[in-house]
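Asker: As given, the protein sequences belong to chains A and B, one line each in that order. Going by the working numbering, 37 is the number at position 37 of the first sequence; the sequence numbering is gapless. Going by the working numbering, 214 is the number at position 10 of the second sequence; the sequence numbering is gapless.
In short, the hints are calculated from the structure, not lab data. Be aware that a few hints might be false.
[Said to hold, decoys possible] Below, simulated DSS-like cross-link-like pairs (lysine-lysine); rule was C-alpha separation at most 25 Å, straight line:
(1) B:K286 - A:K177
(2) B:K282 - A:K175
(3) B:K293 - B:K356
(4) B:K296 - B:K286
(5) A:K175 - A:K186
(6) B:K296 - B:K233
(7) B:K293 - A:K26
(8) B:K296 - B:K282
(9) B:K533 - A:K186
(10) B:K282 - A:K26
(11) A:K26 - B:K356
[Said to hold, decoys possible] Have a look at the derived ranges for each label pair, beta carbon to beta carbon:
(12) B:M242 - A:M48: 47 to 53 Å
(13) A:I162 - B:W514: 54 to 60 Å
(14) B:K356 - A:Y144: 45 to 51 Å
(15) A:D5 - B:Y297: 43 to 49 Å
(16) A:I3 - B:M284: 34 to 40 Å
Idealized CB from N, CA, C, for every residue including glycine.
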Amino acid sequence: MTITDFLFFAFASVTIAAALGVVASKNPVHSALFLVLTFFSTAAIWLMLEAEFLALVLVLVYVGAVMVLFLFVVMMLDINIAKMREGFVSYLPAGILFAVLFLAVMVYVVGGVGTDVMNTAALDNAIKRAADYSNTEAIGEILYTDYVLAFEVAAFILLVAIIAAISLTLRRRTKTKYQTPANQIKVQRDDRLKIIKSDDEVLK
Amino acid sequence: MIDNLLIFALDIWNWFPSGWQTFLLILGKIVLILAPLMLCVAYITYAERKIIGYMQIRIGPNRVGFRGWLQPIADAMKLMFKEVIIPAKSDKYLFLIAPVLSIMPALAAWAVIPFDRGVVLTDVNAGLLYVLALTSVGVYGVIIAGWASNSKYAILSSLRVGAQIIAYEIAMGFALVGVLMASGSLNMSDIVEGQAGGLAHWYIWPLLPMFVVYFLSGVAETNRAPFDVAEGESEIVAGFHVEYSGMAFAVFFLAEYANIILISALTALLFLGGWLSPFEGWLGAEHWLGASSFFWFFAKACIFAFLFLWFRATFPRYRYDQIMRLGWKVFIPVTIVWLFVEAVMVVAEIGPWAV
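Given only the sequences and the hints, what does the whole structure look like? Please build it.
Answerer: Here it is, written out as structure tokens:
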């Protein structure tokens with residue numbers, strides 16, 4: 001077993017264990033953290049596939065931003081854990097059905113024709129890139145030439161989604177007090193302070 | 205005698221299989237980076253207390269050792285021998301994992317930092333992305349610490365940190381995109397080499413707004429004053445680490461200062477030409493001031509580390525809504541506008557980059 005094999009099996013088993021943990025752990029915060037671990041070890045496997053751009057972006061976007069917000073929401077919820085556990089058995093058949101379905105699709109795609117599940121010969125024939133091969137550059141070149149239209153459309157859809165999400169949640173509350181920093185900076189002495197002559201002789 | 209010892213040592217070294225030799229070599233390099241880093245972390249705490257002391261016309265620590273030089277060692281000893289108290293209603297595993305999660309990214313990011321030409325642990329192509337990805341993971345330590353402590357102040361703090369770090373990370377990412385456009389590479393060494401040619405060729409000039417945004421976002425990311433609402437002594441005691449004691453607390457402390465050094469080093473590398481000498485074009489490489497060396501990298505990083513301490517002694521804490529306003533409504537628009545400006549400059553071939 002080479003070091004690459006060892007690393008692959010280590011990360012793969014962590015991925016699977018963590019994915020099981022997402023489903024099986026009682027506490028939703030633990031589930032979210034297991035999902036973070038799943039993403040992380042998946043990123044490590046992608047890194048071994050010489051897809052360093054995808055791996056690092058997975059960590060950056062999903063682990064660094066999406067899951068933080070996810071965790072945020074889950075931490076704030078007051079969840080009745082006993083109630084959440086109730087449906088486990090009744091949902092199990094549907095869950096298993098989908099798991100088998102996904103597995104079948106994956107075996108079909110990875111295994112080529114779907115007969116040889118562990119098609120190791122195909123893996124050995126995979127192109128090993130040179131050390132100076134840049135996955136980032138390769139993706140960039142293809143994304144901005146061949147797939148530029150699809151890429152722009154996807155970006156546009158995301159922009160619309162952002163605007164929609166903001167306009168749905170934006171509400172102007174009239175009763176809250178807030179300060180405008182620009183006005184705070186603009187303040188002059190004369191706006192706040194008035195000097196009046198006093199007749200009070202006692203002070204003198 | 206010494207020759208014999210050397211031969212003996214070489215024999216032991218050759219006894220290892222070649223795979224193990226590589227492994228041990230990498231391990232040795234990691235130790236060579238981390239040991240001085242930890243020393244720097246210890247002495248930046250001393251520097252902070254001294255510098256802020258002088259700024260406030262005090263002396264600062266001056267009892268342990270000559271002029272207080274042994275103070276950080278004494279602090280470390282004290283923290284090591286204190287009991288780590290785990291609150292009864294806390295989530296014990298997460299409570300203990302949290303400090304580790306906060307220091308791990310701060311140390312792991314040093315794997316791609318070049319200290320001098322060719323002096324780097326791994327010279328990967330996606331170095332900049334790697335640093336960005338790892339620094340974004342650091343927030344978990346704080347959030348998990350706040351939640352696992354099962355304490356009101358701690359959870360308040362972790363919520364503040366979560367929102368703050370996400371807000372500033374976007375601006376930070378955009379600022380790095382600016383550097384990426386200027387250098388045309390994600391490799392840290394290439395980014396530094398792209399700034400060769402002396403003071404006038406550094407990216408700080410064409411990317412001045414990016415530089416300001418990057419460094420200030422770095423201050424906000426490390427939860428330092430004036431963005432330290434996460435700790436906010438006067439509001440929520442100590443924030444996310446209010447329940448931590450002894451070594452568990454010390455690890456958070458180490459992570460904060462390791463992050464300060466990391467941000468200082470990154471700012472020096474990305475905008476101030478890292479190990480390159482500012483007098484490159486004028487003095488020539490023969491003169492010691494004109495030669496590029498680790499000294500310049502260290503000096504530049506020290507300037508930024510000093511700024512961190514200076515900020516703390518100077519500015520009052522931002523109010524939370526002001527932090528959010530600065531992050532979302534000032535920094536992000538500034539970076540986006542400058543990305544457009546930079547794109548126009550690249551197309552028109554104005555500026556130091558030749559694409």
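Asker: The structure should be examined with respect to each hint, and the outcome stated for every one.
Answerer: Going through the hints against the structure:
1. B:K286 - A:K177: Measuring from Cα to Cα gives roughly 46 Å; hence the hint is violated.
2. B:K282 - A:K175: Status violated; Cα separation ~51 Å.
3. B:K293 - B:K356: OK: B:K293 and B:K356 at ~12 Å, within 25 Å.
4. B:K296 - B:K286: Holds, at about 18 Å.
5. A:K175 - A:K186: 24 Å, holds
6. B:K296 - B:K233: Measuring from Cα to Cα gives roughly 34 Å; hence the hint is violated.
7. B:K293 - A:K26: 17 Å, holds
8. B:K296 - B:K282: 23 Å, holds
9. B:K533 - A:K186: Distance ~19 Å between B:K533 and A:K186 Cα, so the pair holds.
10. B:K282 - A:K26: Not OK: B:K282 and A:K26 at ~38 Å, beyond 25 Å, violated.
11. A:K26 - B:K356: 23 Å, holds
12. B:M242 - A:M48: 47 to 53 Å: 30 Å, violated
13. A:I162 - B:W514: 54 to 60 Å: 37 Å, violated
14. B:K356 - A:Y144: 45 to 51 Å: 50 Å, holds
15. A:D5 - B:Y297: 43 to 49 Å: Violated, at about 30 Å.
16. A:I3 - B:M284: 34 to 40 Å: 35 Å, holds
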